[in-house]
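2 protein chains.
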Amino acid sequence: MGVLVVGSLGLDTVETPFSRVEDALGGSATYISLAASYFSGPIHLVGVVGEDFPRKYIQMLDEHNIDISGLQIVAGKKTFRWTGKYHYDLNTRDTLLTELNVFESFDPVIPEERKKTRFVCLGNIDPILQLKVLDQLTEPKFVVCDTMNFWIESRKAELFELIKRVQVLIINDSEARLLAQEPNLIKAAKKIKEYGLPHLIIKKGEHGALLFSDDIIFSAPAYPIELINDPTGAGDSFAGGFIGYLYKTQDTSAENIKRAVVYGSTMASFCCEQFSTKGLENLSYLRVHDRYRDFMSIAHFDDKD
Amino acid sequence: MGVLVVGSLGLDTVETPFSRVEDALGGSATYISLAASYFSGPIHLVGVVGEDFPRKYIQMLDEHNIDISGLQIVAGKKTFRWTGKYHYDLNTRDTLLTELNVFESFDPVIPEERKKTRFVCLGNIDPILQLKVLDQLTEPKFVVCDTMNFWIESRKAELFELIKRVQVLIINDSEARLLAQEPNLIKAAKKIKEYGLPHLIIKKGEHGALLFSDDIIFSAPAYPIELINDPTGAGDSFAGGFIGYLYKTQDTSAENIKRAVVYGSTMASFCCEQFSTKGLENLSYLRVHDRYRDFMSIAHFDDKD
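Order-wise, the sequence lines are chains A and B. Residue numbering for the first sequence is 1 to 305, as defined by the numbering used here. Residue numbering for the second sequence is 1 to 305, as defined by the numbering used here.
Isolated chain A, as found in the complex:
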């Protein structure tokens, strides 16, 4: 049945202290789909691009067993574009330019044969559109939802509505503090879960990720990367690895969700190592699993007593 991924596809211009790329492949749905593709297919992508969207990108997605029959290509219009610049430490960035283009009038339509999909990942787009997707699904079993500061500030009501209808919300630490209006991260997490959310994941970039699931708290380490080339898409890659592993194993127990968090972190670490989607294009499940084992050895300690 596969995983349904809805989100943005875009052309990114990214500047880091080391380099700069122009019109590189980007967008939340792109990263999520690529990361998820290493676990188990098929991945059904729903999104929109303009007629300027390079064919080579569509071909690359296709080569990763990503079904693009739900991708709208709008004639006479341009693809969504984002330009950003990372600061010296790569932990913060400025958005220099956002051109919505085809995204301005995006209305996600789930193909008839995908409406029964049970594992769903809603990439970071307007919560109103995320809700529209949910309204079209007949039996969403496990929905993972990403969002960002901008929507927390401008679409709070819709976000709260969404939180009640998804199984997992993935946000970063500053977004969690903002959403809960609470500086202590642990208190903030509890507050957000109480809005009606089974599982909350808080990404902390180079400090790993936290999972709040039922009454357990799980802390996943970050992978020690010596050369981060481009953090763009790391959060989306996390979401992709997370949903990909859960779909593959068909096990949504708390223990398995912990593993999925580490697989998410694994895909995020590959993503940061190269510009754009390059770090996700030439992997294998074996390499992914090897890195998962590295995560285990980084985090493992026992009790002598």
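Hints listed in this document are in silico derivations from the structure and should not be mistaken for laboratory results. Hints may contain errors.
Heads up, the list lumps identical chains together, so a pair's fine if it works in one copy or across two of them.
Stated by the list, open to error - Cut-off 30 angstroms, straight-line C-alpha distance, at most; resulting in silico cross-link-like pairs (DSSO-like, lysine-lysine): (1) 278 x 77; (2) 258 x 141; (3) 190 x 278; (4) 132 x 191; (5) 85 x 187; (6) 248 x 164; (7) 191 x 204; (8) 115 x 258; (9) 85 x 191; (10) 204 x 141; (11) 187 x 278; (12) 190 x 304; (13) 193 x 304; (14) 278 x 258; (15) 85 x 204; (16) 85 x 190.
Given the structure of chain A, go ahead and fit chain B onto it with the hints provided.
Just chain B now, kept in the frame of chain A:
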């Protein structure tokens, strides 16, 4: 034979968003000794106070099996005092006042019968004094050393000399970046280890701690504290729990050093829960071990494949 602890004892005035205490017990040697005291004694404290140092504090240390025969009490002089104010999120603070007083002319003298001590913790004081302590020891087997930004900037040559003579350096992430002149934390850690250091620990506050030991990297989670009352002394408590556990087990293998990092994090978490040294005064080894088990459950995940 016990653990030798050298560092400061002071009277702290601390303001947080929640409360304020005046002339509370503080100082690196105080926190280190108290934290270490829960593992295995005796702890031999070497430091200096003025004649205004309250007797009740000396009594409290004594009740924790801390040997204060190496504590100099200088007649006619005042104890070291520090005044600090924490910001809203408790992650950053301003030092409002530092009165060195007796510390201005402190010359650490290791009592004859302690010169053979093998497990040593050098609290955060002038590296020149830390070197003077090492010069007096005949067979230091395992020396743990703490330092801070101020000394990295003002005593770089002495710090490098020190790094070559200790087994473990404990610093925080911004200090590691400053010492190595390198923004990437993993690269910074490797660079510092190459100065001639067997084990480096980088504390990351609410994000846990990293251990770089031989060619392994270990990431310890932070304890999810909902109410941090006062982070003062957390780093010292970490060092105390770390050395206390290693002395107790007499095992300095990399596997056991990982456990010691978690025991250090355990003591730091207790420290933050109450003002001044209060969080370290009424513990038991059973409570410490219970929290260690909590850390295990927070960090544990396995591999299904």
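Hints versus structure:
With identical chains, the CA atoms of residue 278 and residue 77 are at most 30 angstroms apart within one copy only, with a shortest distance of 26 angstroms there and 66 angstroms across copies. For a Cα distance limit of 30 angstroms, the shortest separation of residue 258 from residue 141 inside one copy, 18 angstroms, qualifies, whereas the shortest one across copies, 40 angstroms, does not. When the C-alpha separation of residue 190 and residue 278 is checked against a cutoff of 30 angstroms, the pair qualifies only between copies, where the shortest distance is 27 angstroms, while the shortest distance within a copy is 36 angstroms. For the homomeric pair residue 132 and residue 191, the shortest alpha-carbon distance inside one copy (26 angstroms) is at most 30 angstroms, but the shortest distance between copies (51 angstroms) is not.
Taking the shortest Cα distances, residue 85 and residue 187 sit within 30 angstroms of each other only across copies (23 angstroms), while inside one copy they are farther apart (32 angstroms). Taking the shortest alpha-carbon separations for residue 248 and residue 164, only the intra-copy value of 25 angstroms comes in at or below 30 angstroms, while the best inter-copy value is 50 angstroms. Both within a single protomer and between protomers do residue 191 and residue 204 lie at most 30 angstroms apart by alpha-carbon distance, with minima of 18 angstroms and 24 angstroms respectively. Taking the shortest Cα distances, residue 115 and residue 258 sit within 30 angstroms of each other inside one copy (28 angstroms), while across copies they are farther apart (49 angstroms).
Proximity of residue 85 and residue 191 under a CA criterion of 30 angstroms is satisfied inter-copy only: 28 angstroms between copies versus 33 angstroms inside one chain copy. For the homomeric pair residue 204 and residue 141, the shortest alpha-carbon distance inside one copy (27 angstroms) is at most 30 angstroms, but the shortest distance between copies (37 angstroms) is not. Taking CA atoms no more than 30 angstroms apart as the test, residue 187 paired with residue 278 passes between copies only; the shortest distance there is 23 angstroms, against 37 angstroms inside one copy. For a Cα distance limit of 30 angstroms, the shortest separation of residue 190 from residue 304 across copies, 29 angstroms, qualifies, whereas the shortest one inside one copy, 32 angstroms, does not.
Taking the shortest Cα distances, residue 193 and residue 304 sit within 30 angstroms of each other only across copies (27 angstroms), while inside one copy they are farther apart (35 angstroms). For the identical chains of this complex, residue 278 and residue 258 are intra-copy neighbours only, at 27 angstroms inside a copy versus 35 angstroms across copies, given an alpha-carbon limit of 30 angstroms. With identical chains, the CA atoms of residue 85 and residue 204 are at most 30 angstroms apart both within one copy (20 angstroms) and between copies (26 angstroms). With identical chains, the CA atoms of residue 85 and residue 190 are at most 30 angstroms apart between copies only, with a shortest distance of 28 angstroms across copies and 34 angstroms within one.
Every hint, counting from the list given before, is met by this structure.
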